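Asks: Each protein sequence line maps, in turn, to chains A and B.
Residue numbers for the first sequence follow our numbering, so the first one is 1 and each next one is one higher.
Residue numbers for the second sequence follow our numbering, so the first one is 1001 and each next one is one higher.
No lab work stands behind these hints: they were computed from the structure.
In this text the structure is predicted, and so the values were computed from the model without any measurement.
Even glycine gets a Cβ: it sits at the ideal position worked out from N, Cα and C.
Do not rely on the hints blindly, as some may be mistaken.
[As the list claims (entries may be wrong)] Okay, the calculated beta carbon distance ranges per label pair:
| # | chain 1 | residue 1 | chain 2 | residue 2 | range |
| --- | --- | --- | --- | --- | --- |
| 1 | B | Phe1087 | A | Thr102 | 44 to 54 Å |
| 2 | A | Ala247 | B | Ile1003 | 35 to 45 Å |
| 3 | A | Phe27 | B | Phe1087 | 12 to 22 Å |
| 4 | B | Leu1020 | A | Phe111 | 27 to 37 Å |
| 5 | A | Ala23 | B | Ala1253 | 17 to 27 Å |
| 6 | A | Ala23 | B | Ala1254 | 18 to 28 Å |
| 7 | A | Ile16 | B | Trp1027 | 52 to 62 Å |
| 8 | A | Arg41 | B | Ile1048 | 42 to 52 Å |
| 9 | B | Pro1165 | A | Asn45 | 47 to 57 Å |
| 10 | B | Pro1090 | A | Ala247 | 28 to 38 Å |
The lines below spell out each chain.
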Amino acid sequence: MIKVPKKPLPSLLTVIGYPFAIALTIFSFFQVGFNIEDFKRNWENRKLVTDTLFNPKWEWAIENASQALLETIQIAILASILGCFIALPLSFYASRATNQTTVTYLIYKSFLNFIRTIPDLFWAMLFTVAVGLGPFAGVLALVMFSMAIMGKLLSETIDSIDLGPLEAAKASGAKHNQAVFTSALPQILPNFTAYFLYIFELCIRASVILGLVGAGGVGRIIETQRIFLRFDRISPIIVLILVAVIAIEQFSVWLRRKIL
Amino acid sequence: MNIPKQPINQRILKYLITVLIVAGSIWSASGLEITPERFLTAPSKVWILVTAMFPLDLSQEAIDRIVPKVGESLFIAWAGTVIGAIFSFPISFLAANNVSLNSFSRATKQVLNVIRAFPELILAFVLLPITGLGPLTGTLAVGIHSIGTLGKLSSEVIEGIDEGPLESIKSSGGSKLNELFFGVIPQVMPTITSYWLYRFEINLRASAVLGVVGAGGVGAELINQLRFRDFPRAGTVLVVTILMVLIVDTISAAIRRRIIKGREIKV
Chain A
1 MIKVPKKPLP SLLTVIGYPF AIALTIFSFF QVGFNIEDFK RNWENRKLVT
51 DTLFNPKWEW AIENASQALL ETIQIAILAS ILGCFIALPL SFYASRATNQ
101 TTVTYLIYKS FLNFIRTIPD LFWAMLFTVA VGLGPFAGVL ALVMFSMAIM
151 GKLLSETIDS IDLGPLEAAK ASGAKHNQAV FTSALPQILP NFTAYFLYIF
201 ELCIRASVIL GLVGAGGVGR IIETQRIFLR FDRISPIIVL ILVAVIAIEQ
251 FSVWLRRKIL
Chain B
1001 MNIPKQPINQ RILKYLITVL IVAGSIWSAS GLEITPERFL TAPSKVWILV
1051 TAMFPLDLSQ EAIDRIVPKV GESLFIAWAG TVIGAIFSFP ISFLAANNVS
1101 LNSFSRATKQ VLNVIRAFPE LILAFVLLPI TGLGPLTGTL AVGIHSIGTL
1151 GKLSSEVIEG IDEGPLESIK SSGGSKLNEL FFGVIPQVMP TITSYWLYRF
1201 EINLRASAVL GVVGAGGVGA ELINQLRFRD FPRAGTVLVV TILMVLIVDT
1251 ISAAIRRRII KGREIKV
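This is chain A alone, in the form it adopts within the complex (with noise of 0.2 Å):
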């Protein structure tokens, strides 16, 4: 007869949380309003769509949202760039590897974690109200944005890193921030220039829609356009940022098997 070892009891996790998933579920289904009659009803509207959008009006989209659409292509490099070279530093701030103070440590971790918790859209908001209607507000939207995936995502990996380099650094006689620069930061940047790309593929598609705030790029014309159901007009824009979108996320696969 094999032995065959007990299967442990339901964590408490389990217990829980496997009915708290299920009610939550059905909650908000009923929250949000699936409602059949409505839907129904709707459904009658699906021509006003579909008419529209499987018509696009390729001359007008060119001649109106091309300019638009660099815009669109200018602010997601400025910002990318930007944000992802201000979070370098802050990272090593950030991370228990490269600083030993709590107090700092605590400080940019939170600062970092707080600029997260902001999705990009209120960023645009909050930054048109404040520098003005435009591109520039766009731009420090996507800074915001890029500075917090990268301030998270490198801080995490400086966690991870080999420490042996930074004591010897330190051995030989070099200050902190010498042996950061010396022996931390060249480990990182194989990764730091990989997530450099991948934010730089969200910046563009998030740039899409920071105009519909009012903060510059292609989303003034879709809102304008989206308004008056003008579908026919918005599909084609929407081709070619999703052209825009697959060429640059190519362009950066290229690169990324090159550097790494």
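Given the structure of chain A, go ahead and fit chain B onto it with the hints provided.
Replies: Only chain B this time, still in chain A's reference frame:
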């Protein structure tokens, strides 16, 4: 002392990247007509906005309006994640090239890529005339986008499994279905569940902004208060949203860590 030089092509690459970054930022900044002065004056302008928000508007009326809206965002995010999880789970098996047929896998991956390319907000306003103003539209938009992202992540998890258990099931006479249920699913479930939770955290932020186009949630509240220049109330919206996101993030991160690490069992 003789220090070896970096290989020449690596040095060229380094300079090339530096030039690319500098040129890219200058080109973008000049195209957008952004000058360094604007960056230097921005913090003081933001500070004016921040001081206008305090003290927060904590009147009963404001709280009664804002808290249900924040709750609505939470429910949109959860329901959307559930939709994403339910649909992406079978799709991810179709998309994984070690479980499904090669041509099937390639086609499914392309479909997932296309779904993923549309931001939630664009999905939301395309759906708006069909599903109506309100949280249902937001839920569907979040759900559809999640199918794309979760499908991709889950299929990558399935592709990375250990083939050993599958082989042992096959050698002891198990069917293809047995392999799936006893070989693949137990291996991938912890990682996939943690991805679901992670997606929930992201969807929470997405659902918060959906209100901008009228698809439910707290976004409409913020943009309206900012338009009416009611900054104390806008500040309240912001603070309540941040608190909710922080709480959910903390709980979800703790559960994810527990799922991945597993429970310590005394034998």
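Asks: Are the hints correct? Go through all of them and say.
Replies: Do the hints match the structure? See the list:
1. Our hint of 44 to 54 Å for Phe1087(B) and Thr102(A) holds, since their Cβ atoms are close to 45 Å apart.
2. Roughly 40 Å separates the CB atoms of Ala247(A) and Ile1003(B), a value that falls within the hinted 35 to 45 Å.
3. For Phe27(A) and Phe1087(B), the Cβ-Cβ distance of about 20 Å falls inside the hinted range of 12 to 22 Å, so the restraint holds.
4. Taking 27 to 37 Å as the suggested C-beta distance range, the pair Leu1020(B) and Phe111(A) conforms, at roughly 30 Å.
5. Between Ala23(A) and Ala1253(B) the beta carbon distance is about 22 Å. The supplied range of 17 to 27 Å therefore holds.
6. A hinted range of 18 to 28 Å holds for the C-beta pair Ala23(A) and Ala1254(B), which are about 19 Å apart.
7. For Ile16(A) and Trp1027(B), the Cβ-Cβ distance of about 55 Å falls inside the hinted range of 52 to 62 Å, so the restraint holds.
8. Look at Arg41(A) against Ile1048(B): about 47 Å separates their beta carbons, and that is inside 42 to 52 Å.
9. At about 50 Å, the beta-carbon gap between Pro1165(B) and Asn45(A) stays in the expected band of 47 to 57 Å.
10. Restraint check, Pro1090(B) to Ala247(A): a C-beta distance of roughly 31 Å satisfies the suggested window 28 to 38 Å.
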